[in-house]
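**Q** All residue numbers for the sequence shown refer to this note's numbering, where the first residue is 36 and numbers rise by one.
Hints in this document: simulated from the structure, not taken from any laboratory. In this text the structure is predicted, and so the values were computed from the model without any measurement. Any given hint could be a false lead.
To be verified - Cut-off 30 Å, straight-line C-alpha distance, at most; resulting in silico cross-link-like pairs (DSS-like, lysine-lysine):
| hint | residue 1 | residue 2 |
| --- | --- | --- |
| 1 | K205 | K177 |
| 2 | K192 | K205 |
| 3 | K132 | K193 |
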Amino acid sequence: NQKKGPAPTAAQSAEVKNVPIGNSMVLGNPDAPVTIVKWTDFQWPYCAKSVRLIDDILELHKDEVKVVVKNFPLNFHKQARDAAKIALAAHRQGKYKEMYHMIFCGTTEKVEVTECNAWRKLKTNPDLPYEYAAQLGLDIVKLKKDAKDPALETLIKKEGLELSNNFERKSVPKFLVAGREP
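Use the sequences and the hints to build the structure in full.
**A** Laid out in structure tokens, this is it:
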């Protein structure tokens with residue numbers, strides 16, 4: 036006569052996806068035991084809304100959680116792909132997280148979800164990430180050169196394929212928590 040425990044939640048019974056970190060950006064403790072993977076588009080409002088969520092998780096669980104940011108620029112967002120390349124290029128100068136925040140929110144400070152709306156300006160100002168880069172003290176000449184590196188386009192395509200090949204619903208933001216879709 037065995038006792039049955041509670042039925043597993045949908046998240047617990049969901050298929051585990053083994054998506055490699057690869058060369059994707061890691062926010063937080065790179066050695067943390069729990070990995071959250073986030074696919075994002077720099078021109079999508081729901082991705083912008085998740086910036087605060089990720090900041091809160093990293094603040095509350097700084098030793099336990101790392102967030103892997105992967106790009107999935109939607110075709111109808113004309114500046115999203117270039118914004119992703121510029122953010123990745125900023126990483127080469129040690130400023131990915133700052134550029135990520137600037138493109139989405141216009142600041143590196145923690146802001147409320149409703150205040151994180153700088154991404155809207157990309158539509159009319161595709162050079163906005165370079166303006167942010169100047170504010171961050173980045174070497175703009177190097178940044179522009181690095182943003183044109185074919186390796187960044189290859190990474191973005193690879194990250195997009197990881198989402199496309201692993202999920203029936205291809206939308207962003209898309210999250211995996213410890214390999215499972217919440």
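**Q** Which hints, by number, does the structure contradict?
**A** Hint 1 is the one this structure does not satisfy, whereas the remaining hints hold.
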